[in-house]
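*Asks:* Following the hints, complete the assembly by docking chain B onto the known chain A.
The lines below spell out each chain.
2 protein chains.
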Amino acid sequence: MDKKKPLKIIKIGGNVIDDSQSLASFLTTFSSLKGPKILVHGGGKSATALAHQTGLEVKMIDGRRITDTATLELITMVYAGKINKTIVAQLQALGCNALGFTGADGNTISSEKRAVTTIDYGFVGDVIKVKTSTLELLLKQGVSPVFCAITHDENGQLLNTNADTIASELAIAFAPQFEVELYYCFEKKGVLKDVNDDASVIQTITKATYKQLLSSQVIYAGMLPKLNNCFYALEHKVSKVCIGTPEMLLDAKAIFTTLTIQ
Amino acid sequence: MDKKKPLKIIKIGGNVIDDSQSLASFLTTFSSLKGPKILVHGGGKSATALAHQTGLEVKMIDGRRITDTATLELITMVYAGKINKTIVAQLQALGCNALGFTGADGNTISSEKRAVTTIDYGFVGDVIKVKTSTLELLLKQGVSPVFCAITHDENGQLLNTNADTIASELAIAFAPQFEVELYYCFEKKGVLKDVNDDASVIQTITKATYKQLLSSQVIYAGMLPKLNNCFYALEHKVSKVCIGTPEMLLDAKAIFTTLTIQ
Chain A
1 MDKKKPLKII KIGGNVIDDS QSLASFLTTF SSLKGPKILV HGGGKSATAL
51 AHQTGLEVKM IDGRRITDTA TLELITMVYA GKINKTIVAQ LQALGCNALG
101 FTGADGNTIS SEKRAVTTID YGFVGDVIKV KTSTLELLLK QGVSPVFCAI
151 THDENGQLLN TNADTIASEL AIAFAPQFEV ELYYCFEKKG VLKDVNDDAS
201 VIQTITKATY KQLLSSQVIY AGMLPKLNNC FYALEHKVSK VCIGTPEMLL
251 DAKAIFTTLT IQ
Chain B
263 MDKKKPLKII KIGGNVIDDS QSLASFLTTF SSLKGPKILV HGGGKSATAL
313 AHQTGLEVKM IDGRRITDTA TLELITMVYA GKINKTIVAQ LQALGCNALG
363 FTGADGNTIS SEKRAVTTID YGFVGDVIKV KTSTLELLLK QGVSPVFCAI
413 THDENGQLLN TNADTIASEL AIAFAPQFEV ELYYCFEKKG VLKDVNDDAS
463 VIQTITKATY KQLLSSQVIY AGMLPKLNNC FYALEHKVSK VCIGTPEMLL
513 DAKAIFTTLT IQ
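Keeping their order, the protein sequence lines are chains A and B.
Under my numbering, the first residue of the first sequence is numbered 1, with each subsequent residue one higher.
Under my numbering, the first residue of the second sequence is numbered 263, with each subsequent residue one higher.
So here's chain A without its partners, still in its complex pose:
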C-alpha cells in the first residue's frame, strides 16, 4: 500500500488565465480542493497586450517568444506582479492561504539560460534543479504555493521558463515524498482527435497509443510539447497526469484526457 501523502499540482493556461470569469471560477474550484496543492500559471495574453501598450516589439520564432531584456522585464511585471498577485489575493478571499513564487523565491527552481544555436531565445531558462524543502514546510502549514513561469540561474538572472515544464518539474521533484497528481487545465476538454471538434476527446493516451497518434499526425502540433512533459512526468514516478478543463478536478462525470504509461 502506498502511504505517501497526496499532492495536487495544477497548471492553468490559455483562456482560464485570459478570461477573468473563467479564472474566478477556476480559483473557486482550486480553493475547494482538499489537501496539499500547488498552482502554476502561464502568462496568457496580458504580456502581449502590455507590450503593445508600451510599444515593445513582440518577437516570436516558431510560436515561441524571444525574451530580450525589455521582454524579460515586461513578463516579470506581468507574470510575477499583475497575474500572480491578483491570483494570490483572490485565493486569500476564498480562504485558500496562497503564497506567490518565482523560482528565485526561496531558490525553489533553478534553470540555465538556453544555449544559442541557430536561434537565440534570449533570457529563457531550462530547469535544472527544484528545491522542495521550503515548499514542503509551507504545504504542511496549509499554505498553497502559486508559481508563475519565471525561474533564476542562481547568479542573479531571472529567466522566462515554460509553465508546463515548471509544473512537470515540480511534480517530479515531489514524487519521492508525495503521491503527485498533475493536472493541465485549459479551455478544451482534453486532447482532441479533431482539433475542430471539441467532442473528440481522447480519454486515455498510453505511451504506445501516443506513438501511434504521433505517426498518424492526429494530434495538433501545439499539444506535442505538453504531451512530452506529461510522459516525462509519468516516467519519473508522478502518479497521475490529466489534461482538460478545470471541471475534471471536481466533477466525477467530467470527460478529460488521462495519460498513462501502459
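Since the hints were derived computationally from the structure, they do not count as laboratory data.
Just to be clear, a hint being listed does not mean it is correct.
[What the hints assert, rightly or not] If you anchor each label on the Cβ, the simulated ranges turn out as follows:
id, chain 1, residue 1, chain 2, residue 2, range
1, A, 120, B, 466, 53 to 61 Å
2, B, 319, A, 129, 41 to 49 Å
3, A, 177, B, 439, 27 to 35 Å
4, B, 470, A, 21, 56 to 64 Å
5, A, 60, B, 374, 39 to 47 Å
6, B, 402, A, 33, 22 to 30 Å
7, A, 70, B, 277, 20 to 28 Å
8, B, 439, A, 136, 17 to 25 Å
9, A, 252, B, 307, 52 to 60 Å
10, B, 402, A, 224, 38 to 46 Å
11, B, 319, A, 136, 40 to 48 Å
12, B, 277, A, 55, 25 to 33 Å
13, B, 490, A, 187, 19 to 27 Å
14, B, 402, A, 21, 39 to 47 Å
Glycine is no exception: its CB is placed at the ideal position from the N, C-alpha and C atoms.
*Replies:* Below, chain B without anything else, positioned relative to chain A:
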C-alpha cells in the same frame, strides 16, 4: 536579561532603490548581516517612469499618489514584479535565501481601504493586522522575507500601502517574540537639522527633543511621517529604531540618527 532573539527589519527607499549601483551595494550589505532579517522596499521612481511610458496620468495630492485601478495595476507590476523579483534574484546570487512577499502572500499583512474624506486616495490601505506565523517559520529556516509596499483587504483587493508603515507594523508585530531592530535606509546620513547640509545629522532624537524640533519647525516636512512611524514603533516594544544610509548596518563609525523614547 532579555532572551529574545534579534530580528533586523530594514526598509530601503529613495535613491537606494532608484540607483542600481546603490541597490547592489545595499544588497551586498544586507546579505552579509547575520541572523534573522526582513527587507521592506519602497517603489522608487520606476512606477512613475512606466506610467509615462504607458501614457497613464500620475495623480498626486500633497505628495501622495492617488491610486486608481490603472495605477494599482501598474504598481503591482512594478513593486511586486520588477523590483521585488530583481531584489530576490540578486540576493539569491549573494547567498541570501530571499522570498518575496506582498501582504496578500501567506495573508501576512491585511489592511483596510482608506475612507474617503475630502480626498479619495483610491486603492490605498492602512494596515490593520500582521500575521507572523508563516514568516517566523521561514525565518527559522534561514529564509529572508522581502516585502514590497502592497497589502490586501482579505476580500481579494490589493491595496497600495506606505513602505515605512509596513516596516514599522512588521517590527511591532514581531516585538513580542523578537528583539527587533528597525532601520530606515535612504541616501541621507539621517535626520538633518538643515536639509541643505548633509553634515547636520541629528544623532539622537528622543520623544522630548522630537517635540521641540517639531515646534521649532527644524525638521523637513517630508520626514515627519517617517519619524511618527519610528516613535510609534518604539512605543510598541521595538528595541531600536535608526535612520540613515546603509553604512549604519555594518560600519561601527557610521553617523546616523537613533530614535529613543527617553
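*Asks:* Now tell me if each hint is right for this structure.
*Replies:* Hint by hint, here is what the structure shows:
The hinted window of 53 to 61 Å between residue 120 (chain A) and residue 466 (chain B) holds, with their beta carbons roughly 57 Å apart. The beta-carbon spacing between residue 319 (chain B) and residue 129 (chain A), approximately 45 Å, falls within the hinted interval of 41 to 49 Å. A hinted range of 27 to 35 Å for the beta carbons of residue 177 (chain A) and residue 439 (chain B) is consistent with their spacing of about 30 Å. Between residue 470 (chain B) and residue 21 (chain A) the beta carbons are some 58 Å apart, a value that agrees with the proposed interval 56 to 64 Å.
Separated by about 44 Å at the C-beta atoms, residue 60 (chain A) and residue 374 (chain B) satisfy the suggested range of 39 to 47 Å. Between residue 402 (chain B) and residue 33 (chain A) the beta carbons are some 28 Å apart, a value that agrees with the proposed interval 22 to 30 Å. Between residue 70 (chain A) and residue 277 (chain B) the beta carbon distance is about 24 Å. The supplied range of 20 to 28 Å therefore holds. A hinted range of 17 to 25 Å holds for the C-beta pair residue 439 (chain B) and residue 136 (chain A), which are about 24 Å apart.
The beta-carbon spacing between residue 252 (chain A) and residue 307 (chain B), approximately 54 Å, falls within the hinted interval of 52 to 60 Å. Remark: the range hint 38 to 46 Å for residue 402 (chain B) to residue 224 (chain A) is upheld by a beta-carbon distance near 44 Å. Distance hint check for residue 319 (chain B) and residue 136 (chain A): the Cβ-Cβ separation is about 46 Å, which falls inside the suggested range of 40 to 48 Å. Taking 25 to 33 Å as the suggested C-beta distance range, the pair residue 277 (chain B) and residue 55 (chain A) conforms, at roughly 28 Å.
Taking the beta carbon of each, residue 490 (chain B) and residue 187 (chain A) are about 51 Å apart, not inside 19 to 27 Å as hinted. Restraint check, residue 402 (chain B) to residue 21 (chain A): a C-beta distance of roughly 41 Å satisfies the suggested window 39 to 47 Å.
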